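This is what each chain is made of:
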Amino acid sequence: MELRSRVPTGPLEGKWERHKFEMKLVNPANKRKYTILVVGSGLAGASAAATLSELGYNVKCYCFQDSPRRAHSIAAQGGINAAKNYQNDGDSIYRLFYDTVKGGDFRAREANVYRLAQISVTIIDQCVAQGVPFAREYGGLLSNRSFGGAQVSRTFYARGQTGQQLLLGAYQALEKEIANGGVTMYPRTEMLDLIVVDGRARGIVIRNELTGKIESHLGDAVVLGTGGYGNVFYLSTNAKGTNTTAIWRSYKRGAAFGNPCYTQIHPTCIPVSGDYQSKLTLMSESLRNDGRVWVPKKQGDKRPPHEIPEAERDYYLERKYPSFGNLAPRDISSRSAKEVCDEGRGVGETALGVYLDFADAIKRLGEASIRERYGNLFEMYQRITDEDPYKIPMRIYPAVHYTMGGLWVDYNLMSTIPGLHVIGEANFSDHGANRLGASALMQGLADGYFVLPYTIGDYIASAKLAPVTTDHPVVRSTEADVTERTKRLLAIKGKRTAASFHRELGKIMWDNCGMARNEQGLKRALKEIPALREEFWENVNVPGASAELNQSLEHAGRVADFLELGELMCLDALHRTESCGGHFREESQTPDGEALRDDEHFTYVAAWEYAGPESEPILNKERLIFENVKLSQRSYK
Amino acid sequence: MNLTLRVWRQSAPDARGSIVNYEANDISPDMSFLEMLDVVNERLTERGEIPIAFDHDCREGICGSCGVMINGAAHGPMRGTATCQLHMRSFTDGDTITVEPWRARAFPVIKDLCVDRSAFDRIIAAGGYVSANTGGARDANEILIPKENVDTAMDAAACIGCGACVAACPNASASLFTAAKITHLGLLPQGQPERYRRALRMVTRMDLESFGGCTLFGECQDACPKEISIDTIARMNRDYLKAVMIAKAEPDSTTA
Ligand SMILES: Cc1cc2nc3c(=O)[nH]c(=O)nc-3n(C[C@H](O)[C@H](O)[C@H](O)COP(=O)(O)OP(=O)(O)OC[C@H]3O[C@@H](n4cnc5c(N)ncnc54)[C@H](O)[C@@H]3O)c2cc1C
Ligand code: FES
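These protein sequence lines are chains L and U, in that order.
Just so we're aligned, residue 1 is where the first sequence starts under the numbering used here, counting upward by one.
Just so we're aligned, residue 1 is where the second sequence starts under the numbering used here, counting upward by one.
Just chain L, with the same shape it has in the complex (with noise of 0.2 Å):
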């Protein structure tokens, strides 16, 4: 397979400018006869479709929820990074670009995150024009705060619900789309296979999962903004229904699956409190710039955190990484709080937890300042655990939250199957072995509303398309392939339900995968993955029949992807043997147990390529090249 990542020669300031510029531009009188399907209604969807239609195209947008307004973006909570500078506290573009590159480990594509950057500052114009309303100062400029890991004020943000205000931009953008007659939607429907006819991608597979009825529908460009996979690890942050079908089936129909064991694990969430957990819920990062984390100096010190004496407790975060303190990145973060409890330092029931402690702030800057800033965050919290974060310092846990594998794309956002695009969290690029905070819904954006709709255009007016109808053998194939699988899952009526598959999976992923891995464990999880899928494949018990609302099949099928999907992700995490960002690798650490990257072996992209079901999939490189900035060890001490 051959990797061409299409970046533009010349200067990085001036290559997206002058790729525009060189890109092919469809006839405007035209663009009604094209259809483009977008799976995904999150930001990166929903921006798109209604963009695309804005531009002239006929476009059918489709999302598994009973509404488009439902996607998992609607729960960012933090904020979109943009390099606005409006503080006047030195950012830049070239600053975001940099510390995106250095916070991704050095692993992204420089001239992606430059546009990316570059393209920053028009969405927060873009969603201001919508009537997004962004947090503002009393003299009616907009208002930022510092996030995750970042030395300037650039993430903009709505209360704690900046997903929602911006997803709901996008959302009605697309409605006004849909009234205009330029998006059909189909809501409660799924993705189930992507349609490869002569090489390109010319539609999906779909099951409407309120009839059960399965069909295919045909275009000229495929587009997916179907979200991360986190939820392979069954307990994350995401929604319950985030999956990997659409990425998945894409992948065994020959697309490339970039980096697809870079996980993030996010420092700040609930930690789990029994088995009956369904998932875990985030507390916003932005409560690290005024909490305090620390644990007990003492081993298994169960006193209350009140009765720890300060000079008994152990600030972690502020002792290893001065200079950053408790904002360290979330890699660092994270896999701090695991070596305090490793060492049976850990809080709580479980003694899974750390504290995250108010008391400092509300002591500087009053009770009402911080309710202010997280009042609805500290009630989800009071809400789940029943304690008050006023008066008890909260625990938090590390648990999954965002994947920065996907589907491998080159700079125009195409996978390695031509006409099938890849956008939001579903790609693997910008983002690197890493992401910051704030950056997601600012890529899932980008993607959407201002780099597809140019590239497809390109890909649409040099593509010269044959006409395809639904009685082609492939779609009939594929159509008939998803149609067995769906009996199959049904016929089987074993003993063990979906989810206990599911949870099962979760923890070998969780125990192996997870926040540090080794060649012992990976190689113990490549035994028992494919063992567990083949009990899956035996005795899983789907109630119910085909042509109904049938949840549990729907969550069949996603588990059954999951169980393939597993094994690639301790494939990919065994064959890098170096740490960098979240991907740890025990045995490459620096003497004071920091993640240690091997430049010399590991810069490149591990894209893996489908090679049937028989056979190990094929390793293929794109080799990074850095000509702007120096790699370096990243240091936040």
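Careful, some of the hints might be misleading.
As the list claims (entries may be wrong) - Which residues of chain L face chain U? A few of them, derived with a C-beta cut under 8 Å, are: (1) Ser-67; (2) Arg-70; (3) Tyr-86; (4) Gly-90; (5) Ile-93; (6) Tyr-98; (7) Ile-124; (8) Gly-139; (9) Ala-158; (10) Leu-168; (11) Ala-173; (12) Lys-240; (13) Gly-241; (14) Thr-281; (15) Glu-548.
Stated by the list, open to error - Over the 10 Å line for every Cβ pair with chain U, so calculated as not near, a few chain L residues: (16) Ala-50; (17) Ser-92; (18) Phe-378; (19) Val-629.
Hints in this document: simulated from the structure, not taken from any laboratory.
Keep in mind the model is a prediction, meaning the values are calculated, not measured.
C-beta atoms are modelled at their ideal positions from N, C-alpha and C, and glycine is treated no differently.
Please arrange chain U with the ligands on chain L, whose structure you already have, making use of the hints.
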């Protein structure tokens, strides 16, 4: 704790439904209401029965997917709380809990506890947006917006579109939902050019769907998981009346 659930079961939109009793034993008070339903469903599946269908996704009270009537109250007994955020510690050992879908003509039941809320999307499509196509926006700081206005707009914009307001209203009116969007956009300078057109179109659409009229009972604001105030409805009514007057005087201006 041990509970008895009385759950509305209905196999399809046109099937007859009925209340079915289930024992829910060994429930932890730390579980969320939906986690309790998960446990009941796993046990049903293991026994070869069909699990209870219910909508959910984020389980953080923000996506608006979840929502059931719990003992006759939309989202259950706790104020400002969506079903997914309700915890079993709000109940006592031995309780009987009745769980039903939203009841409203405009929200037909699909299966068990799932209803069709697509009417909400159609109300937004009628005008719940600012027509600002991508590209061409001015610098975000060019228009100043008083903090108070943005804060009040944000209070209204917090709506999650769950439908509890409709389910709680004796008339099954969608006024709070519609008014929340009209208020959010109407308070911002960007929302001014389409302000009256928006109110007219959204209210007209709301009336076309099978929602009832608003008689200001106020049940909606008590049931709203985001505690959106019925002050928004007063604002909607004012904008709507003005829009009707404008439409009479200049027929093309608000309907075009
Ligand atoms: C709790 C939480 C808080 C976060 N906070 C922040 C933050 O403050 N700042 C930040 O930058 N990022 C944040 N993130 C990350 C960010 O929210 C996500 O990365 C981003 O929203 C993903 O957007 P998306 O459009 O790529 O995908 P999603 O929003 O996940 O949308 C996926 C869409 O695809 C559809 N879909 C999926 N599979 C299928 C299928 N097979 N068939 C049909 N449709 C399908 C879904 O229905 C949905 O519409 C947060 C994430 C979480 C979990
Ligand atoms: S599941 Fe999202 S609001 Fe309850």
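Taking the hints in turn, this is what the structure says about them:
For L/Ser-67, the suggested interface contact is upheld, since its CB lies about 5 Å from the closest CB of chain U, less than 8 Å. Nearest Cβ of chain U to the Cβ of L/Arg-70: about 4 Å, under the 8 Å cut. The hint holds. Nearest Cβ of chain U to the Cβ of L/Tyr-86: about 6 Å, under the 8 Å cut. The hint holds. About 18 Å separates the beta-carbon of L/Gly-90 from the nearest beta-carbon of chain U, more than 8 Å, and the hint is not met.
The interface hint given for L/Ile-93 is broken, as the beta carbon of that residue sits about 15 Å from the closest beta carbon of chain U, more than 8 Å. For L/Tyr-98, the interface hint is violated, the least distance from its beta-carbon to any beta-carbon of chain U being 23 Å, above 8 Å. At its closest, the beta carbon of L/Ile-124 sits 5 Å from a beta carbon of chain U; the interface hint therefore holds under the 8 Å criterion. The criterion of a C-beta within 8 Å of any C-beta in chain U is met by L/Gly-139, whose closest approach is roughly 7 Å, and the hint holds.
The beta carbon of L/Ala-158 comes within 6 Å of a beta carbon in chain U, closer than 8 Å, and the hint placing it at the interface holds. Among the interface hints, the one on L/Leu-168 holds; its C-beta lies about 7 Å from the nearest C-beta in chain U, closer than the 8 Å criterion. A least Cβ separation of about 6 Å between L/Ala-173 and chain U falls short of the 8 Å threshold, and the interface hint therefore holds. The beta carbon of L/Lys-240 is positioned within 8 Å of a beta carbon in chain U (closest approach about 6 Å), and the interface hint is therefore held.
Proximity of L/Gly-241 to chain U holds as hinted, the smallest CB-CB distance being about 5 Å (cut-off 8 Å). Because the beta carbon of L/Thr-281 sits about 6 Å from the nearest beta carbon in chain U, less than 8 Å, this interface hint is met. For L/Glu-548, the suggested interface contact is upheld, since its CB lies about 7 Å from the closest CB of chain U, less than 8 Å. Listed as a non-interface residue, L/Ala-50 fails to keep its Cβ farther than 10 Å from every Cβ of chain U; the least gap is roughly 7 Å.
Against the 10 Å criterion, L/Ser-92 stays outside the reach of chain U, whose nearest CB is about 16 Å from its own CB. No Cβ of chain U approaches the Cβ of L/Phe-378 within 10 Å, the least distance being about 14 Å, so the stated non-interface status holds. Non-interface call for L/Val-629 relative to chain U: holds, since the shortest CB-CB distance, roughly 28 Å, exceeds 10 Å.
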